[in-house]
Amino acid sequence: MHIITHACTQCGTVVSANELESNRVMKCPGLDCENVLRFTDLDQADQEHFLDNKASYEL
Amino acid sequence: MKGVLLSGGTGSRLRPITHTGPKQLVPVANKPVLEYAVEDLKEAGITEIGVILGHKGREEIQNLLGDGSDYGVEITYIVQGNPLGLAHAAGCAKDFVGDDDFVMYLGDNILKEGVVDLVESFESGDFGAGIALQEVDHPQQFGIADVDDQGNVTELIEKPDEPPTNLALIGMYVFSPAVFDAIEKLEPSWRGELEITDAIQSLLEDGYAIDSHVVEGWWKDTGKPEDILEANQLVLEDKSLRKRGTVGDDATVDGRVELAESATIEDGAVVRGPVSIADGAVIKEGTYVGPYTAVGPNSTLEGVHIENSVVIGESSINTSGRIVDSLLGKGANIGSADDFLPEGRRLVVGENSQLKL
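Which chain is which? The protein sequence lines are L and F, in order. Residue 522 in the numbering used here sits at position 52 of the first sequence, with consecutive numbering throughout. Residue 856 in the numbering used here sits at position 39 of the second sequence, with consecutive numbering throughout.
Be a bit skeptical, because a hint or two may be false.
Derived lysine to any residue pairs resembling SDA-like cross-links, with alpha carbons at most 25 Å apart [to be verified]:
id, chain 1, residue 1, chain 2, residue 2
1, F, Lys911, L, Val506
2, F, Lys1002, L, Cys498
3, F, Lys976, L, Glu491
4, F, Lys848, L, Leu501
5, F, Lys1002, L, Asp513
6, L, Lys524, F, Lys819
7, F, Lys1002, L, Val506
8, F, Lys1002, L, Asp516
9, F, Lys873, L, Gln514
10, F, Lys873, L, Gly482
11, F, Lys873, L, Ser492
12, F, Lys819, L, Gly482
13, F, Lys1041, L, Lys524
14, F, Lys911, L, His519
15, F, Lys859, L, Met496
16, F, Lys873, F, Pro1042
17, F, Lys911, L, Leu501
18, F, Lys911, L, Cys498
19, F, Lys873, L, Met496
20, F, Lys911, L, Cys481
21, F, Lys819, L, Cys481
22, L, Lys524, F, Lys911
23, F, Lys873, L, Arg494
24, F, Lys1002, L, His472
25, F, Lys1002, L, Asn523
Bear in mind the hints are in silico, worked out from the structure with no lab data behind them. Note that this is a predicted model, so its numbers are computed, not measured.
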């Protein structure tokens, strides 16, 4: 399985694509970090791969 | 070498304790299980640690470990979200790990000897992975490894009917970055997870040597209340315990007792070690605290007989009854019903609690 993640540009916290996709827009889960993370922060190819294979990320 | 510390999971087997926090923060000998793992990694020379977070307890775990500086390490948090299996958790750490090897440590596990030998064994050869094994009495109930004369793993078998060895996988691994290619090729197992054993099997099939290290000392998965009590016993048995708090002149303290600086054992109390008593705890007159008990911070015990138990903290216990083999959650209070009519026990018990009266 291709595992896709995104690192917060402010605090470095890494968030998996399934977490990003389920929230679409979310406050960074890093403690005291106010950055906003979006599913669309992922590369276009990663977004498409995730959405094409979404069922496998919801095991 | 980096460390990946798994701290997700629902902790369902530890309910109701885990209704209010992650299982990795349940204390053993007054220290959260997760801290033992961080210290083990540090002892092995690993100072860059990725902590995998699930849905539960993200803030509590970050509050405890912070940026790692209190432990002399540097921590990066990795949010796995859905619990899609150990291999998925490892895969989420790919960018953090980069081209390094890494130890993968289950954050609710605790083992006597740490991971130094596991890491040294892995580094002594050219391996795709290294796995920690332990001899078990009922290998049919575990994931089992078959090994050759040099200790190289030749096969992994999940709960075999006819086990070739009694060497069970205990959830401590060392991986080369090659594991990420193996994970990329994985499909979910019958139980719908990406299995780390499948990733190791894939490495084997791709020709990588897999090292094994047999753990000689004790190892505990602290997933259930009885496991917490047993881990508490094992740690108190081994730990160096210091009395720094206040002991009344007419208190009786036998054996090894850890007494935090602001903890008090008052006159007329009896404490028989090994016992750990945390900061702010008060053991009052008429109380007996017996072996293998940990009394958490800011707890007050009066008149009770308690042994082989873990009081997590912020509790008031003033019954004259006997409490044994028990795990009491934070803020749990136990009083006396002696003066109440009609006679009987009075309970306010949360969901998933377990009582034996």
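Status of the hints after comparison with the structure:
At roughly 22 Å between alpha-carbon atoms, Lys911 (chain F) and Val506 (chain L) fall within 25 Å of each other, so this suggested pair holds. Our distance criterion of 25 Å between C-alpha atoms is broken by Lys1002 (chain F) and Cys498 (chain L), whose separation comes to about 30 Å. Under the criterion of a C-alpha separation no larger than 25 Å, the hint pairing Lys976 (chain F) with Glu491 (chain L) is inconsistent with the structure, at around 36 Å. Restraint check for Lys848 (chain F) and Leu501 (chain L): satisfied, since their Cα atoms lie roughly 22 Å apart, inside the 25 Å limit.
About 21 Å separates the Cα atoms of Lys1002 (chain F) and Asp513 (chain L), which keeps this hinted pair within 25 Å; it holds. About 30 Å separates the Cα atoms of Lys524 (chain L) and Lys819 (chain F), which puts this hinted pair outside 25 Å; it is violated. Note on Lys1002 (chain F) and Val506 (chain L): the hinted pairing is violated, with a Cα-Cα distance of about 32 Å set against a maximum of 25 Å. This hinted pair checks out: Lys1002 (chain F) and Asp516 (chain L) have alpha carbons roughly 17 Å apart, not beyond 25 Å.
The hinted pair formed by Lys873 (chain F) and Gln514 (chain L) fails the criterion: a straight-line CA distance of about 30 Å is larger than 25 Å. As the CA atoms of Lys873 (chain F) and Gly482 (chain L) are separated by approximately 20 Å, the hinted pair is consistent with the 25 Å bound. Taken as a hint, the Lys873 (chain F) and Ser492 (chain L) pair is honoured in the structure, with Cα atoms around 16 Å apart against an allowance of 25 Å. For the given pair, Lys819 (chain F) sits about 16 Å from Gly482 (chain L) by alpha-carbon distance, which is consistent with the 25 Å threshold.
With a CA separation close to 33 Å, the supplied pair Lys1041 (chain F) and Lys524 (chain L) exceeds the 25 Å bound. Distance restraint check for Lys911 (chain F) and His519 (chain L): the Cα-Cα separation of roughly 18 Å lies within the 25 Å cut-off, and the hinted pair is therefore satisfied. About 33 Å separates the Cα atoms of Lys859 (chain F) and Met496 (chain L), which puts this hinted pair outside 25 Å; it is violated. Taken as a hint, the Lys873 (chain F) and Pro1042 (chain F) pair is honoured in the structure, with Cα atoms around 18 Å apart against an allowance of 25 Å.
Distance check on the hinted pair: Lys911 (chain F) and Leu501 (chain L) sit about 22 Å apart at the alpha-carbon level, within 25 Å; holds. Proposed proximity of Lys911 (chain F) and Cys498 (chain L) is supported: the alpha carbons are some 19 Å apart, at most 25 Å. For the suggested pair Lys873 (chain F) and Met496 (chain L), the alpha carbons sit about 17 Å apart, so the restraint of at most 25 Å is met. Proposed proximity of Lys911 (chain F) and Cys481 (chain L) is supported: the alpha carbons are some 17 Å apart, at most 25 Å.
The suggested pairing of Lys819 (chain F) with Cys481 (chain L) holds, with an alpha-carbon distance near 19 Å, which does not exceed 25 Å. Proximity of Lys524 (chain L) to Lys911 (chain F) is assessed by CA-CA distance (about 20 Å); at most 25 Å being required, the pair is judged to hold. For the suggested pair Lys873 (chain F) and Arg494 (chain L), the alpha carbons sit about 19 Å apart, so the restraint of at most 25 Å is met. For the suggested pair Lys1002 (chain F) and His472 (chain L), the alpha carbons sit about 8 Å apart, so the restraint of at most 25 Å is met.
Pair hint Lys1002 (chain F) plus Asn523 (chain L) holds up; C-alpha atoms about 14 Å apart against a cutoff of 25 Å.
Going through the hint list in order, the structure does not satisfy hints 2, 3, 6, 7, 9, 13 and 15.
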